[in-house]
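**Q** Throw the hints in and build the complete structure from the sequences for me.
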Amino acid sequence: MQIFLSIIWFNMEINNKIESGLSHQVPGAKEGGGGDSGDKNSKSWHDFLKWFLGTFCIGVATIISTYIVKRYELREQTRAHESSYLKAYLDDYMTLVKQDTAYRQQYEMAKFLSFVVTDDDLKKGWTDLSLYCESKMLRLQHTKDSLQMLRDSLLGIKEEKVKEYYGLRNKQADSKEVPKLREKIDALTYQIDKNSKKAELISAKIDVPVAVTEVKPAAQAEILVNEETHYCTRNRYVEFNGSLRIFVNGFNKDSQSVNVSLLDVENEKFDEFEPERVLHLKEQITVSSPDGKYRYIITVQSLEFKNLGRDNVYFRVKTFKK
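Just so we're on the same page, this note's numbering is the position in the sequence shown counted from 1, plus 477.
Any given hint could turn out to be false.
[Said to hold, decoys possible] Using 30 Å as the maximum straight-line C-alpha spacing, the simulated DSBU-like pairs for lysine-lysine come out as follows:
1) Lys-653 with Lys-783
2) Lys-575 with Lys-564
3) Lys-682 with Lys-601
4) Lys-635 with Lys-798
5) Lys-759 with Lys-674
6) Lys-674 with Lys-613
7) Lys-648 with Lys-638
8) Lys-600 with Lys-588
9) Lys-640 with Lys-653
10) Lys-661 with Lys-635
11) Lys-575 with Lys-621
12) Lys-638 with Lys-661
13) Lys-657 with Lys-638
14) Lys-783 with Lys-635
15) Lys-575 with Lys-674
16) Lys-575 with Lys-601
17) Lys-795 with Lys-783
18) Lys-621 with Lys-682
19) Lys-613 with Lys-575
20) Lys-799 with Lys-770
21) Lys-682 with Lys-600
22) Lys-648 with Lys-783
23) Lys-682 with Lys-613
[Said to hold, decoys possible] Quick list of the computed label-pair ranges, beta carbon to beta carbon:
24) Ala-681 with Arg-787: 14 to 22 Å
25) Glu-751 with Lys-783: 23 to 31 Å
26) Val-655 with Asp-622: 30 to 38 Å
27) Gly-644 with Glu-753: 16 to 24 Å
28) Ala-557 with Trp-522: 45 to 53 Å
29) Leu-701 with Phe-592: 55 to 63 Å
30) Pro-656 with Leu-627: 39 to 47 Å
31) Arg-711 with Ile-774: 21 to 29 Å
32) Arg-711 with Glu-637: 20 to 28 Å
33) Lys-601 with Gln-668: 22 to 30 Å
34) Glu-751 with Glu-637: 21 to 29 Å
35) Ala-557 with Thr-532: 20 to 28 Å
36) Phe-750 with His-619: 27 to 35 Å
FYI, nobody ran anything at the bench for these hints, they're computed from the structure. Yeah, the Cβ is synthetic: ideal placement off N, Cα and C, and Gly gets one too.
**A** Pasting the structure below:
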């Protein structure tokens, strides 16, 4: 519009100059015999020049305005076509944005869009967005790494405390330090679980979790590793297959039962997966290791109640490996 107005103004200025030139003709020119003919020729030339300049200016203004309109229409059509064939991609991107998750995927998608779109404004917008998603992803990854380092450190401390706890409980079950160590282990377990959950939440914000279909082995895929029988007394433990430890907490003569704790000790993990379990005489139970690698069939074969608290229990354990 500004160009069009400038052309009109220029045309008016030219016309004014021409009219001004004609109005300042030499007076003696009108007195001669050819004065009328000269005036007519000048007026005809002036009219032609005005028509020519007016037509030229209007033509130029029309060309420029048509170019601007066509360029705008092409830009909008290009945006519409790009939005059409990128619709599914954009829908997936907006889903991640609304959920405030998977910033790695958001970064990669925004970077891809910054390359494929042709509009300069949209290209700059997607580029800026990809840089934002990248910085957010890196900050989240740093936080996740810090939490995992803290969790690993706490796991090491917990492992030492568990060894200390069971070592002291085997030697001095009545020591006041036993419950204190148990409280420390529970507090460490709570902190480890808390940090693990935080790390999982952050992982979901960084990457889309991949669904993994768990394939459970068939029952016939299990093999019997061994079958053992061992006895144990109060405040002592016995191991089976080098992976299961049964710690005897106490006996109950009236109910003919024994209170035990079950630990997974393969590779010195000391994972107490059954803290308190009451087993009765001739009772048979089936338990699995925390990692699902082993299945145990535990039977209380016999109980011996003696004086001075020297009671015994005989366990028979069948160990199956998957």
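**Q** Compare the structure with each hint and give your call.
**A** Each hint tested on the structure:
Of the pairs offered as hints, the one joining Lys-653 and Lys-783 holds, with about 27 Å between alpha carbons and a cut-off of 30 Å not exceeded. A C-alpha spacing of about 16 Å is found between Lys-575 and Lys-564, which places the hinted pair at or below 30 Å, so the restraint holds. In summary, the hint linking Lys-682 to Lys-601 is supported, as the alpha carbons are separated by about 25 Å, within the 30 Å threshold. In summary, the hint linking Lys-635 to Lys-798 is supported, as the alpha carbons are separated by about 28 Å, within the 30 Å threshold.
A C-alpha spacing of about 41 Å is found between Lys-759 and Lys-674, which places the hinted pair above 30 Å, so the restraint is violated. For the hint linking Lys-674 to Lys-613, the alpha-carbon distance of about 20 Å falls within 30 Å, and the restraint holds. For the hint linking Lys-648 to Lys-638, the alpha-carbon distance of about 15 Å falls within 30 Å, and the restraint holds. Taking the CA atoms of Lys-600 and Lys-588, the gap is near 9 Å; set against the 30 Å cutoff, the hint holds.
The hinted pair formed by Lys-640 and Lys-653 meets the criterion: a straight-line CA distance of about 17 Å does not exceed 30 Å. At most 30 Å may separate the alpha-carbon atoms for a hinted pair to count; Lys-661 and Lys-635 meet this at roughly 8 Å. As the CA atoms of Lys-575 and Lys-621 are separated by approximately 22 Å, the hinted pair is consistent with the 30 Å bound. Taking the CA atoms of Lys-638 and Lys-661, the gap is near 8 Å; set against the 30 Å cutoff, the hint holds.
Of the pairs offered as hints, the one joining Lys-657 and Lys-638 holds, with about 11 Å between alpha carbons and a cut-off of 30 Å not exceeded. Proximity of Lys-783 to Lys-635 is assessed by CA-CA distance (about 36 Å); at most 30 Å being required, the pair is judged violated. Annotation: proposed proximity of Lys-575 to Lys-674 holds, straight-line Cα distance about 22 Å (limit 30 Å). Under the criterion of a C-alpha separation no larger than 30 Å, the hint pairing Lys-575 with Lys-601 is consistent with the structure, at around 22 Å.
Between Lys-795 and Lys-783 the CA atoms are separated by roughly 27 Å; this keeps the pair inside 30 Å, and the hint holds. Note on Lys-621 and Lys-682: the hinted pairing holds, with a Cα-Cα distance of about 10 Å set against a maximum of 30 Å. Restraint check for Lys-613 and Lys-575: the C-alpha separation of about 15 Å stays at or below 30 Å, so the hint holds. With a C-alpha separation of about 6 Å, the suggested pair Lys-799 and Lys-770 falls inside the 30 Å cut-off, and the hint holds.
Under the criterion of a C-alpha separation no larger than 30 Å, the hint pairing Lys-682 with Lys-600 is consistent with the structure, at around 25 Å. At roughly 20 Å between alpha-carbon atoms, Lys-648 and Lys-783 fall within 30 Å of each other, so this suggested pair holds. For the hint pairing Lys-682 with Lys-613, the CA-to-CA distance comes to about 10 Å; that is within 30 Å, so the pair holds. The supplied range of 14 to 22 Å is broken by Ala-681 and Arg-787, whose beta-carbon atoms lie about 55 Å from each other.
Taken as a hint, the range 23 to 31 Å holds for the pair Glu-751 and Lys-783, whose Cβ atoms sit roughly 26 Å apart. The beta-carbon spacing between Val-655 and Asp-622, approximately 36 Å, falls within the hinted interval of 30 to 38 Å. Checked against the hint of 16 to 24 Å, the pair Gly-644 and Glu-753 passes, with Cβ atoms roughly 20 Å apart. Our hint of 45 to 53 Å for Ala-557 and Trp-522 holds, since their Cβ atoms are close to 52 Å apart.
Distance hint for Leu-701 and Phe-592: a CB-CB separation of about 60 Å, consistent with the stated range 55 to 63 Å. Taken as a hint, the range 39 to 47 Å is violated for the pair Pro-656 and Leu-627, whose Cβ atoms sit roughly 26 Å apart. Judged by the Cβ atoms, the range 21 to 29 Å given for Arg-711 and Ile-774 holds: they are separated by roughly 24 Å. Taking 20 to 28 Å as the suggested C-beta distance range, the pair Arg-711 and Glu-637 conforms, at roughly 26 Å.
In this structure the hint that Lys-601 and Gln-668 lie 22 to 30 Å apart at CB is violated, the actual value being about 46 Å. A C-beta distance of roughly 22 Å is found between Glu-751 and Glu-637, which places it inside the suggested range of 21 to 29 Å. Checked against the given bound of 20 to 28 Å, the beta carbons of Ala-557 and Thr-532, roughly 37 Å apart, lie outside it. Between Phe-750 and His-619 the Cβ separation comes to about 34 Å, which falls inside the hinted range of 27 to 35 Å.
Consistency note: the structure conflicts with the earlier hints numbered 5, 14, 24, 30, 33 and 35.
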